[in-house]
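Could you build all of it, start to finish, from the sequences and the hints given here?
This is what each chain is made of:
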Amino acid sequence: MSTQPVERLYARHITLHFGGVAALSDVSLNVRQGEILAIIGPNGAGKTSLLNCISGLYRPQSGELVFLKDGRAHNLLQLRPHQIARLGIARAFQNIELFRHMTVLENIMLGRHVHMRGNVLTCGLYWWRQQEEEIRHRRRVEEIIDFLEIENIRHKPVGTLAYGLQKRVELARALALDPEILLLDEPMAGMNVEEKEDMARFILDINQEWDVTVVLIEHDMGVVMDLSDRVVVLDFGRVIAEGRPDEIRHNPLVVQAYLGDEALMEHLA
Amino acid sequence: MESGIFFTDYRADMALRRKPTQQVRLGLFVAFLLIFPFVASPYWLTLANQIGIATIGAIGLNILVGYTGQISLGQGAFMAVGAYTSGILAARLGVPFWLSIPIACLVTAAVGVVFGLPSLRLKGLYLAMATLAAQEIVEWVITHWTSLTGGTEALVVPAPTLLGARVNTDFRFYWIILVAAGFTALFTANLFRSRVGRAFVAIRDQDIAAEVIGVNVFFYKLLAFATSSFFVGLAGALTAHYRTIISWERFTIEVSILYLAMIIIGGLGTINGSFFGAAFMTLLPAFINNVGRALRDVAPLVATLLPAVQQGVFGAVLIFFLIVEPEGLAKLWRNIKDYFYVWPFSY
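Residue numbers (this note's numbering), protein chains in the order written: chain V, 1 to 269; chain X, 1 to 347.
The set of hints was computed from the structure by calculation and includes no laboratory data. Predicted model only: the values in this text are computed from it and were never measured. Just to be clear, a hint being listed does not mean it is correct.
Unchecked claim - Each computed SDA-like pair below joins lysine to any residue, with the alpha-carbon atoms no more than 20 angstroms apart:
(1) V:Lys69 with V:Leu37
(2) X:Lys331 with V:Pro157
(3) X:Lys331 with V:His155
(4) X:Lys331 with V:Arg100
(5) X:Lys19 with V:Ile135
(6) V:Lys69 with V:Gly88
(7) V:Lys156 with X:Ala15
Below, the structure written as structure tokens:
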């Protein structure tokens, strides 16, 4: 990693209301090239809302949200979700949002959607031109299937898979986009220890070998402290702390936000 | 018995018919379709042509409802647009059918996009209401734009001419319908194993996730309406040339509901289900009629009652099939295949 961090995405003074409820107030943060940034905070702190703003699902009432790519600044607040995906920001959801009736393979192939050009004519007249494109992208998809070790389920409908595997398929679909920034909303929620370790290994590999910047929401403090380069702490829609994991661990504001949560206190102590 | 299916390249793994048994089955079906008109009686040929046209319409509707998840009650209207466009072009301007039918399909696709616009904001039952409005509007336009459509009068369409011969018999028309239905089925099968079709299904299953993965949901919803209407228009245009006489009464809301029933009975989001549904819904009334005729001598009472209860019997059979297999005849067919695949073992 270079000594001078390169900023890839920044939020300035983001404010998001739902009626009278402020989900995010004056939130600022930046994401640096090649890092794993964890966003933590108690339930309802606004973590998912923040990711939703980045993916374009929510539109904050005020603030700035900019993605830097190839020396150009893209104002994410003016883009629709599919345009943001096209820029190279991929997302895996907290509650699995896979296409349940499609096979694992088809789900991941959808991740290639933005890289493919086929239109209704070339697809309908498959053998004319589309077949070549489908096969080319299938190769990339198979690399991801291989990487995430889900070869044996590639033709299974996603709806029939176990929870942990579904989470993995969702990660695969996001990876198929060849993202520059990967947004992961609780990728390990509901997993057992072994599955968590697998997932942690995948995230580290994605980050280090494929040079993908990762923004991660996670409740498991052990995972957060081990994986992340930096941590941002949200509470009641505000950023209350930001820094390296060991700094966050001893920050009195963070300890206060989590006050009463014994399990978390143990990790923070 | 097979131990599994293994491929050495992606082309074979991604083929439409992956297994030898599937290929043989398809070959047999095609052979049947080619031999059928030479051995069938005129009565069966008429039924076959009706099934063929209904299959095209059902596949068209399935693209929108079954695959993309956008419910539509405007099927009758879209068929009417196809029928009247092709009919008017042929009858008034003398356009040959091989040109008037594609034009009709494109016009229907355009009309489909217009009436698909509400889908950008509405889902489910609300969208159904909006497409119901399309149905009413198109019916109203046809019955009131007398100078163009002839209003409530029937429109007479000349039988198509192909290679100097008039296509005015069921036998001759069979081949046109066969080519059109084959093209529709193949095009749709291809569509749904590649990029655009995947985007359609993604919208049905999880539209927010589709958007976040990079699918322009607005664009693809309208594209689904266009593609669907294109084939529904094809079914309508073929109806016009086949019947050679059309009136607005052939394209009412009842038609929309009939086609919805067709794809639900057949199987939502399947191509063979569209065919099963079309065949079922065409053959069932014919079957009930024939039973009535056969019983005329034996039990005159049943025969006189049957026309009256025909709709009721029809409904009862539909309900029966839905209870037996809610996923439609296509699922029933798959169950049969699965049974024989592992036969004589039950697992």
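Tell me the numbers of any earlier hints that the structure contravenes, in ascending order.
none
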